[in-house]
Structure formats: structure tokens, C-alpha cells
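Taking UniProt numbering, the leading residue of the sequence shown gets 1, the next gets one more, and so forth.
Hints are computed from structural coordinates only; laboratory data are not their basis. Keep in mind that this is a model prediction, so the values were computed, not measured. Please note that a few of the clues may not be correct.
What the hints assert, rightly or not - The calculated lysine-lysine pairs, modelled on DSBU-like cross-linking and capped at a C-alpha distance of 30 Å, are:
id	residue 1	residue 2
1	Lys786	Lys753
2	Lys624	Lys642
3	Lys858	Lys772
4	Lys1044	Lys1079
5	Lys967	Lys858
6	Lys1079	Lys887
7	Lys376	Lys289
8	Lys694	Lys737
9	Lys1079	Lys1032
10	Lys203	Lys90
11	Lys694	Lys726
12	Lys662	Lys637
13	Lys926	Lys972
14	Lys515	Lys538
15	Lys961	Lys978
16	Lys961	Lys980
17	Lys737	Lys662
18	Lys872	Lys887
19	Lys680	Lys645
20	Lys967	Lys1079
21	Lys514	Lys612
22	Lys203	Lys186
23	Lys438	Lys376
Claimed, not checked - Ranges of calculated distance between the beta carbons of each label pair, as one might list FRET restraints:
id	residue 1	residue 2	range
24	Asn1033	Ser201	27 to 35 Å
25	Gly74	Gln1061	20 to 28 Å
26	Ser158	Lys316	38 to 46 Å
27	Tyr1049	Ser234	23 to 31 Å
28	Ser626	Lys1012	38 to 46 Å
29	Lys1012	Glu561	50 to 58 Å
C-beta atoms are modelled at their ideal positions from N, C-alpha and C, and glycine is treated no differently.
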Amino acid sequence: MKKIKLAAVFLSVSLGVGTFVIPSPYLFGSFGEQIVKADDNPVEVPQSDFDWQFDDTNHTATLSGVHIFFGKDGNPANIILPSTVTKDGKSYTVTEIGTKAFYAQDSLTGVTLPENLTKIDDQAFEYAHITSIVFPKTLQSIGKDAFWSTYLSSIDFSQATSLTTIDDGAFEYTRVSSITLPENLKSLGAQVFLGVKQLTSLKLNANLETIGPQAFLYDHISNLDLTDAPNLTSIGAGAFEYNAIENEITMPANLATIGDAAFAGNNIPAIQFNAVLKSIAPSVFAYNKLTTLDIPSNVTTIGIQSFVGNQLTTVKLAGSPSVGTDAFTNNRITNFEAPNSSFSANSAMSQIATTQNDKPNLTANDLFDINMTGQKAQDLAITNLTNGVTYTAAGGFNIPAGVKQFSFDWTLTDSNGTNKIYAGHYNVNRSTPVIVVKDSNLTIGDSWSPKDNFVSAALENGQTIDFDSLKVIVKDASGNVLENGVNTNVAGRYSVTYAYGNDISSVATVNVNKKLATYSLSGNESVSYDSQTHQPDKAQYTVTMSNGKSYDLQDGDIQIENNAANPGTYNVVLTDPGKKHIENTLSDQYSYTDAGSTATFTIVGQQQGSGKLSDGTKVYDGRKVSDSNFQPTLTLKDNSGKEIKELTLSDGQYVISNDDSKVGSYVITLSQTEIDQIKKDYPSYDFGDLSQAKSTYTITQAKATAKLSSGTKQYDGRKVSESHFKPKLTLLDSSGKAIATLDLSLGQYVIGKDGSAVGSYPITLDQAEITKLQAAYPNYDLSALKSVQSTYTITPAGSSGGSSSSSSSSSSSTGNDGSSSSSSSSSSTSDGTGSDSSSTTNPNTPETGLEPGNVAAKGTVIYAIKKVGLYKKTDFSTANRRSWYVKKPRIYRPMFVVTGYARSKDGTLRYKVRDVNHLTVNRGKKGYITASSHYIRPVYYQSTHQAVTVINPRGVNSYRKADLTGKIRNYKQGTVLKVKRIVTHNLTTRYVLSNGHYITGNRKLVNMGRHKQTKLVRARTAINRYSDVNLKNRNSHYSKKQQKVFKVYDFDYSRGNRVSQRGTLRYRVTGGYITANAKYIRVIDRGY
């Protein structure tokens, strides 16, 4: 594969999208030009439109290049190539189309090949938009990537009888739906038809000998026919991986080599092996739907994971092969015939088996038929038996009566007893003779018969047992046998046993229940407040019974609930003795339930009172008032000023107005819940409007100090103010922790007696800068800034101090995302040396002192968040600018790999980079870009977040491992994923999800936090739908009257891979794309 493709594959892995490859329609757009359809009449084009190479010996010519863009500027899009050309009056036969001859002719839609063509060279039509092609009978070979990512949907090999070789990637990412391979084709190269999603069936030709690695990877082949390929000897690794093959595979007679994972990830139900294959490669048939396997004696090696994840129940190994780790893991194998095989540790683990077996005396031999190098069923270790089942040393299962299901785990070690080779979990289902009965509930006085609780009875063979053949025994709750059956005149629980012989019996329960009735208490009594507790007058209250019975209340039957002397209304309820008195009325026939009470007792009257809240204060500490453990007191007093109660309040009992952490005063009031609780707790008092009880919590400024870094240089004749000195100002809180670290420029500080002579110059802050800082940090008392001072020293030229330099003391600062960055004392070459050449640093590490903590490491990936330029030199100018990159939407931000560092003439840091936007016209370009964090950011997140939202239009894959191998699933755009932590992998990061799986930390693919995504939109006006995101090919129109509602699946942007255009937001809906312009559509549902 060519280098650019290898780079693209590497980048796709490093950026966390696994082996996902963007389909060809997204590689090149139409760029706005008029495209001529392939079915337009083909046009003969002159020899002069091309470059030629001539062979005067054979009088042949090679078409080596094109002078024009077909399909643009009035040029035809469907062309006929000349079969002969002339030079100096001589005629030459066109036999070859050279390398990249029609490369990126993205408006060329059709081509008729020369009739004597013998060879099509590498990349000849790569990225061209041709849709169909017919190959002539003279054609002998097709080169690497010759038709890579074209729009081919039809390929005609019917005349190509001389074609023997199709090289690597020749038809990769095309749109072919069916292929009939030429009869004399011998070799298919690597990735030759990779990613051809429309391809659903394939039949190999008779003379084919080799198929290269990944030749048909990621296609949708469901029917693969190898029967007419007797000369096929080799199938490369991954050749048919991740297709949808669902037919039986019969290996051709001479097929001797099959590469790793060649048929993995399909739906293959069966395999017929040949007599020549000796080695089954790792993962070759992993994750298919095989149920039985019969491997002949010619096979000597079975690789690791070769049949993992199938549905195998029976395996027979005829010879003496060596079996690799996990070769048969994750299957259902209980029949394993391999008497002469050599098993590695863990060869066949994690089996899951289920069976129905009704034998009364069950043994291991009834459930397993195995011979694994002499180890048989009786050698299995049986553990974790359920439902009381035990296992004997003789290999039998002791199953208690009535057990209908049990399970166990098994393990088999090799003959040396050292390595586990076979293990799994077994579920055993059983059926035993059953008498089915049912329980019942009766009420006193109901009738009963033994048949009332009988449902059915049957023997083990299914024969029905007649009810009259059963013996029925009735017992009361005390165990007494009742000859006359259930006595429905006496409440109680009765057991009815139905027996068949001495072995089979079932018991039904019959409950004879009392009749149900309810009682309730009602009435009301009212007295004036006298500060005394009271007892209710029974004459004011009545008991009502639902069965019509009557009951007269007795002394002690009722009481006031929560009896108190305070004014208010209280519930009157029945006492426990009162309830017993009522329930004893006809208790042999009735079961009573208390239906509750509506009775009340009211004490009338209330006193006046008041409440006052206490104030609070603290020094600024960055925490809100609500996080400050403030516990105000509320003092309640009566109208005489006597204290009733002093309450200490906690969070939730009071409300903070405009809760914040800033310096200032905050009003404290009672919560409505607390007001209601006070009224309930003190019903004898009227405290007025407690919502007006207020206090104040005050946050005062925190003391802060500051440090100002010093500087030095050798005498150079320039004043301090001309030396580009940028001292660092560090603001510190009372504990010495940095609040902020600021780089100051001239004008923000003052130089005492500015000069160029050798000596020391005091540096202080400008008063205007102090004022700005006080405004920027209002929570701190920055009065100390008026006295902060440092020194700039000019030493004699040539002194031991070395070249001019500046120094800074240790400092620390906190970034916006909460992560910390730090820099230690350091020195750097001054910008005031007068040098007129760029200063280039070691390409492996950034220069000491270059924006500490913000410089991207070599080899990391960065992207542009604003418009940036790529330049040939470190001093940026229009003349040496290679390209502009406009500001793009997040998912299409241009990316670069940092390959080194350099400085401009004025000392400004630059990144030396390589463009890794492999889908743009600038891919692979090298140069310099700004290193400013205002324009450039790292592509990968560096800190963890509770959740991330998928923003990539093609979703994000999750994996089992941090190196993004072992793909598990794809999460669609808009999916919110819970994050457990972040981990690093080389120079990238991965998020570990709550389920333990890994996804990329790439900011272009995921966004931190939960983000809503449009789900439904309604058209405001007439609207068109298009088949492409650039809205070029309209496929439907909706009138304004329809007010069409669209379900939005995801969003994308037009011109995603154009560096000169930003692109416009589109919504993908059923059948294509629509505009996201609010002038034309209105969002009616936005959810997560």
C-alpha cells in the first residue's frame, strides 16, 4: 500500500477511531463544479490532451498524464481514449496507462479504454469518479490502487481473457455490487476489494491461485462460492473478515494456506476441510455460527482462538494436532473426540451447555462424550452444584426428589494434572411425575369438595392419572386427620394431601376465613384554651360497624392523639383496649379491620410571639455561603420578650439570597419548610410573618501577597525598556498558594530610572495595572501590590554571567479546566541580542522556557481552533505561506503532528509540523505554525470528566483494551457515556467507561459533559432534501403547505475536508440531508 494510505491507517489508530475507514463519498466533494453524468454520450478526445511516452522499438505508447480536468470548464466527463497516436508522422499503439495518469480526476465519470491496452499502472484512476468500466481482452495486469476510491458500481471483466493479476488495493472503496472474475485471473492482491459495502456475493474463478491479505475485508458478502477454484492455494490474513457469509464453506482441493482471521466475524454454519491443509491459523474461523466440526488427520496445528465464539456442540479431531490457547473457547461443546491431540492450557474454556435428561440415575457419561488425550467424562472435576444435587466419586449425580433443574461447573486438566484444558457451565432440566393441585380461600359457610383443589396428574410417560386413583387426606392446623374433610363452619387452615402410591404426593392448602367487617370512629368536641390537657367525652363520639352491628363506647376506649394543652385541633382515636372490645363482638364469625377515625378535639386560642435570626461572617475562601457550614440561630420570644426557644439552623432550614462565593453581603431568610415546621411545633403562638425575619452573612476580602520576578542581561547598549523584559507576577493567597501567574509587558510595570548602563534597575507595578488587578480579583485584598518590587540587572559585557538572559522564580497557576501546570526557575536567550537569524531548537525537546506547561510534546497531535497559516519559514509572511486553514467546526478542525520546535527572529515560538488531514488537498505538507494557545490546542483531553457526548457523525467505537483493540460496539453521535477515569496510551488518551470498556479521548470525536442534540425539526417553508451533505443532488421536495416534520438522526457539515471553507451545518434525516438554517426549519424537540 502506498505511504499516504499507511499514514492514514496509522493516524486512524492514533486518533482512537480504530480501524474505521471513511467511505469514499466523504473523500472528495464536487467542489461546486458542474458534474457530467456517466450516461452522457462518450466523446473522443484528442491526443494533445495527454502526456505520452513512446517505445520506438515496439511502436507502442504509454498514456502518462493529463493536461486538463475532464468534466470541468466545458471539457467532457465521459471520454473515449485513443487506441493509436502519432509522433513525427509515425503511428504508435496505446498499450499502457501510466501511474497516476488520471489521479484525482474527480469530475471524470466515464472512460472507454484503448482496444489494445495490456497494462494499467498504479493509481492510474485513483479518486476519479468513473461509475463503470469495460476491460479489453488484451489487458494483462491492473496495478496497485488503480481504481482506489472511484465511483465504480459496474466492472465488466467478460472480455478480459488475458488478465492474470489484479494488484493491491486496485478496487478498494469502490461501489461494485457484483463481480464476475475473469477466467484466467491468477492473483488478487492485498485489500483489492476492501470496503466495498455493496458487494453481497462472490464466486471465485477456476484459475485463481492466490488471494491477498484483507482482499475483501469489511464487504457485505453473504454468499461465497469456492467450489470452482481448484487451483486456489493461498488465502491471506483477514481476506474475508467482517463480512456476512452465511453459507457452508467447502475448501478447494489444493488450498494449503489460510491466513490469520481470514473468515472471522461471519455467519458460517459449516466447514468441509480438504486433504492438504496442515495448519489452521489463529482466529481463522472466530465468531461464526459453526455447530459441529470434523477436522481431518492432515491438520497438525490448530491456532489460538481459531474457533472461539461459535456455537459448537461436537468436535472431532481425527489426527494428532496441537491445539492452541482458546482455540475452542466460548462454545457449547459436550462431545469432544480428540484422543491423540496435544492441548495447550485453556484450549476450550467457558463452554455453556443445556440439556433435557429425565434418567432417574444420571451420570457424567449421560451428559458428556469426550476423549481428550485419554481424559474422559469420569475425569471431570464437578463443582458448584445447585438445588441440593451432589456428585459421587463414581461419576453419578444424587438428585433429590422433585428437583426439576440443576446446574454445575466442570473443569478438565491435562493428563499431567497441571493445566486446565476444558471447562464450562451445564444447565440440566428434568421432568418427573407430577400431581398438580391449587390452594384456595373459603369463607365460613361455603361448600367444599376434594376435587375443588385438584388440577391434574400424569405419569412420567405422559399417561393421565384418574382422580379416583388418588388418596386424599385432610388435616387441620393441629395435624388432626378429618374424616369428613374440610370443616367450613370453623375458621382455620387445612392441608389436603393428594397421593399416588407411596412416591408421588402434592399438598394443597385450604384457608377457611372469617367474614370481613370494618369499624370507624367519628365525632367532634371543642373547648377553650386553659393551658390544661383534656380527655374526650365518649358521649360526643360514635362507632360505626359495616356489618350493621352496634357498639357503645366504654371508658378508656378513646383518647386524644398527641394530647397537649396548646391551642389546635387534635385527632381522637380508639385505644388498643377499645379496639379489642369492638373486635370481640361476634369474633368467631367476623374479622374486623379498623377503617380509621375522623373524630377530632379542638382547643381554641393563640399567643403573640416573634423570631430573630443571627448574622454571620467569614474571610473569602472560594466557597459559596451554602458551602461554609453557617448555622444561624433563630430566637423565638413571646410578647413579653421572654425567650421561648433558641433554634440552631442547618442547610435547608434557611435560604441564601443570590448564593455565591464572592466578597459581599448575603441576605438570610427562613425557608418555607422551616416556617411551616415552627408553626406546627409551636401552635400556641402567632409569630407573625416569619418570612420577614432576616439576617446578613458577610464575606470579606482575603489577604493576598505577590512576587515579581527579576531579570538580567549583559550590557548591549540598549535600555531596559528596549530589552523585551517580561517579568512574571505571581499572586499568592495567605497560605502561599498561587492565585494566578501573569506575564507582564512594558506599560504594565515601571522601570526606575530606565537606562542602558551596567547596574540594577528597580521594577515596580504601574498604578493603572494595580487598579486593573484589583478589579480582576475583587475577592482579594491586593494592597500589597503597591510595595511589590524586583530588579533588572545589566552586567558588564563579556562577564562570567554569559550571554544576555532573563530569569524567573518558581511559580504555579491553575488552568480553566482545573488541571495544574508549573514551571521551575529557568533562563532563555534574550530577544535583545540583535541577531537577524531564526533560532532553531533541538527538534526532540522544546527550548527551556518556552511557555512552560503549554508546549505540546514532539509527536503529539494538535488542532487549530481559529484561522491559522502554514508557513515555509519561522518568520511568517505572505510570500512564504504555504496555505491558510480557515476556522472549522469542531469535528473537522485541521490537525497537525508536532515534529519539532523553532523560534522566529523576534524569539516567538513556532511549531514545526506535518499536516495529517489525510482527506484534504494539504495532506502531508510540512512547515511552521503558531504555538499560541489562543490558536492551537491539543487534540486529546488530558483530564477526566463524569460524562462525554459522542459528536462524530460516524460515531465512536468502544474496545476491550486501551490500545483500542478488541472492538465491542459503536456508539452513535449524540450518545452520552458515563466515564470512570482517563488513561494515557503513548501520546494519546483514552476514557474508561463505567462498564470498563475504552474509547478515544479525541476532542474531534467526543465532547466533555452531556450535550443536547436535535431530534425533530419542522419545515417553516418549502424545503428540499438531498442525497449528499453538500446539498448538490436533490432527491425530494416538500411544499410549504406540508410543514414537513423530519426525524433527525445526526448532524454533519458540508465541505468537511476543505481547508478554505468553513462548511455549513446539515441534518441527516431519512433519505438524505436537509439544511439546518433556522430560516427554513424550526427545532421542535431537543433531547439527550
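Taking the hints in turn, this is what the structure says about them:
Between Lys786 and Lys753 the alpha-carbon distance is near 18 Å, which keeps this suggested pair within the 30 Å criterion. The hinted pair formed by Lys624 and Lys642 fails the criterion: a straight-line CA distance of about 35 Å is larger than 30 Å. Between Lys858 and Lys772, the direct Cα distance comes to roughly 37 Å. Violation of the 30 Å bound is thereby established for this hinted pair. For the proposed pair Lys1044 and Lys1079, the alpha carbon gap of about 15 Å is at most 30 Å, so the pair holds.
Taking the CA atoms of Lys967 and Lys858, the gap is about 29 Å. The hint holds against a cut of 30 Å. At roughly 23 Å between alpha-carbon atoms, Lys1079 and Lys887 fall within 30 Å of each other, so this suggested pair holds. Of the pairs offered as hints, the one joining Lys376 and Lys289 holds, with about 26 Å between alpha carbons and a cut-off of 30 Å not exceeded. At roughly 36 Å between alpha-carbon atoms, Lys694 and Lys737 are farther apart than 30 Å, so this suggested pair is violated.
Taking the CA atoms of Lys1079 and Lys1032, the gap is near 19 Å; set against the 30 Å cutoff, the hint holds. For the hint linking Lys203 to Lys90, the alpha-carbon distance of about 45 Å lies beyond 30 Å, and the restraint is violated. Straight-line distance between C-alpha atoms of Lys694 and Lys726 comes to about 51 Å, which puts the hinted pair past the 30 Å bound. Annotation: proposed proximity of Lys662 to Lys637 is violated, straight-line Cα distance about 34 Å (limit 30 Å).
Distance hint between Lys926 and Lys972 is unfulfilled; the C-alpha atoms sit about 34 Å from each other, more than 30 Å. Using a Cα cut-off of 30 Å, the hinted pair Lys515 and Lys538 holds, with the two alpha carbons roughly 28 Å apart. Between Lys961 and Lys978 the CA atoms are separated by roughly 17 Å; this keeps the pair inside 30 Å, and the hint holds. Our distance criterion of 30 Å between C-alpha atoms is met by Lys961 and Lys980, whose separation comes to about 15 Å.
A threshold of 30 Å between alpha carbons decides the hint, and for Lys737 with Lys662 the separation of about 19 Å falls inside it, so the pair holds. Of the supplied pair hints, the one linking Lys872 and Lys887 holds, its CA atoms being roughly 21 Å apart against a limit of 30 Å. A distance of roughly 14 Å separates the Cα atoms of Lys680 and Lys645; the hinted pair therefore holds under the 30 Å criterion. Among the hinted pairs, Lys967 with Lys1079 is inconsistent with the structure: their alpha-carbon atoms are about 42 Å apart, more than 30 Å.
For the suggested pair Lys514 and Lys612, the alpha carbons sit about 60 Å apart, so the restraint of at most 30 Å is broken. The straight-line distance between the Cα atoms of Lys203 and Lys186 is roughly 14 Å, inside the 30 Å bound, and the hint therefore holds. For the suggested pair Lys438 and Lys376, the alpha carbons sit about 46 Å apart, so the restraint of at most 30 Å is broken. The beta-carbon spacing between Asn1033 and Ser201, approximately 28 Å, falls within the hinted interval of 27 to 35 Å.
Look at Gly74 against Gln1061: about 24 Å separates their beta carbons, and that is inside 20 to 28 Å. Taking the beta carbon of each, Ser158 and Lys316 are about 44 Å apart, inside 38 to 46 Å as hinted. Distance hint check: the CB atoms of Tyr1049 and Ser234 are about 42 Å apart, inconsistent with the given range 23 to 31 Å. Between Ser626 and Lys1012 the beta carbons are some 27 Å apart, a value that contradicts the proposed interval 38 to 46 Å.
Against the hinted window of 50 to 58 Å, the Cβ-Cβ separation of Lys1012 and Glu561 comes to about 51 Å, which satisfies the hint.
Violated hints, in rising order: 2, 3, 8, 10, 11, 12, 13, 20, 21, 23, 27 and 28; the structure is consistent with all others.
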